[in-house]
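J.: Just so you know, the sequences run in chain order A and B. Reminder that position 66 of the first sequence reads as 66 in my numbering, one-by-one numbering, no gaps. If you want my numbering, it's the 1-based position in the second sequence plus 1000.
Read the hints as simulated data drawn from the structure, not as lab findings. Treat the numbers as computed from the prediction; the structure is a model and nothing was measured. Glycine included, every Cβ here is placed at the ideal spot set by N, Cα and C. Among these hints, one or two may not hold up.
[To be verified] Under the rule of at most 25 Å between Cα atoms (straight-line distance), these lysine to any residue pairs were calculated in the SDA-like manner:
| # | chain 1 | residue 1 | chain 2 | residue 2 |
| --- | --- | --- | --- | --- |
| 1 | B | K1045 | A | A10 |
| 2 | A | K40 | B | A1040 |
| 3 | A | K123 | A | Y105 |
| 4 | A | K40 | B | W1063 |
| 5 | A | K91 | A | E178 |
| 6 | A | K40 | B | E1072 |
| 7 | A | K40 | B | A1071 |
| 8 | B | K1045 | A | A48 |
| 9 | A | K188 | A | L93 |
| 10 | A | K188 | A | A48 |
| 11 | A | K40 | B | G1042 |
| 12 | B | K1045 | A | L93 |
| 13 | B | K1045 | A | L12 |
| 14 | B | K1045 | A | A32 |
| 15 | B | K1045 | A | R15 |
| 16 | A | K123 | B | A1006 |
| 17 | A | K123 | A | D184 |
| 18 | B | K1045 | A | D170 |
| 19 | B | K1045 | A | K123 |
| 20 | B | K1045 | B | T1030 |
| 21 | B | K1045 | A | A172 |
| 22 | B | K1045 | A | P4 |
| 23 | A | K40 | B | D1075 |
[Unchecked claim] Partial selection, computed: residues in chain A whose CB lies under 10 Å from chain B:
| # | residue |
| --- | --- |
| 24 | A10 |
| 25 | L12 |
| 26 | G13 |
| 27 | N14 |
| 28 | N41 |
| 29 | L121 |
| 30 | L131 |
| 31 | D134 |
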Amino acid sequence: MRLPEVERGASLGNRLLIGFISTVVRMRLPDAARVAFYHKNFGRPLGAWTHAAMRGSSSWTIGERELMAAMVAKWNSCEFCVGAHSAVAAKQLARPTIDQTLADYRAAPIANGFRATLGFLEKMTLHPADLSADDARTVLRAGVTSEALTDAIAVASAFNIVTRYADALDFAIPSPGEFDRAGDMLLKRGYRP
Amino acid sequence: MAARAAGGPPAQPPYDELARQIGDAASRTTDAQVATVRTALGSEKAAFEVILAAAVGAGLLRWRLAMQALAEANDAPA
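Start from the sequences, fold in the hints, and give me the full structure.
T.: Below, the structure written as structure tokens:
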């Protein structure tokens, strides 16, 4: 963590809360949660957006949306978010499917609509200025509705924000076991501010 | 900062370099880039706000362009 005040908490109340939660869950509270506690004017609206995108009503399952988040993290080279969101996805999807999708989504055993959507999200993440109506039509022709593509765009937009501050702040990387436990919490509680 | 991270015109130094870095490739942000901004601003909270603003700018740019592509596809289906 490049800003020590974010890691330890800005106020006595925050520091006590971080210590309490870390004790209860028996692991270091991940830096993503510390950011939310540190600056509520950012944390609340971002948390509300992320929760709506990841847990709100959608034709995508929670596992699929978590895998989209992990894919955006992969394209942005964000190790923390790949670990965090593939761990949540693994609560609902088979781990080999997640690993194959992360390695090469074009060849992974996933539905064609999901694959086409990931193609759109990849371009949106890496070359946003090149996106065109034809890219959206490709997804719609694969059987994805306009509403479902909108939901996927909301997920990818949120994680194009989260991955950037996670890397700029240099989030500490939890162990695989800690990612797994944090995944249980994220599945249960979501991203509510 | 948000506009700079979304490919907009340069911001004031030393914030410009950090905002551009976060927009282009946040994973290659360095300790020195963050420390320089923190020193210039005199507070961690202000440096945090620069980082978050740049990240939000990059995300919102993608939201706008992706929704524009979808709207054009819906307006003129192939």
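J.: Checking each numbered hint in turn, tell me which of them this model violates, lowest number first.
T.: 6, 7, 12, 17, 19, 23, 25, 26 and 27
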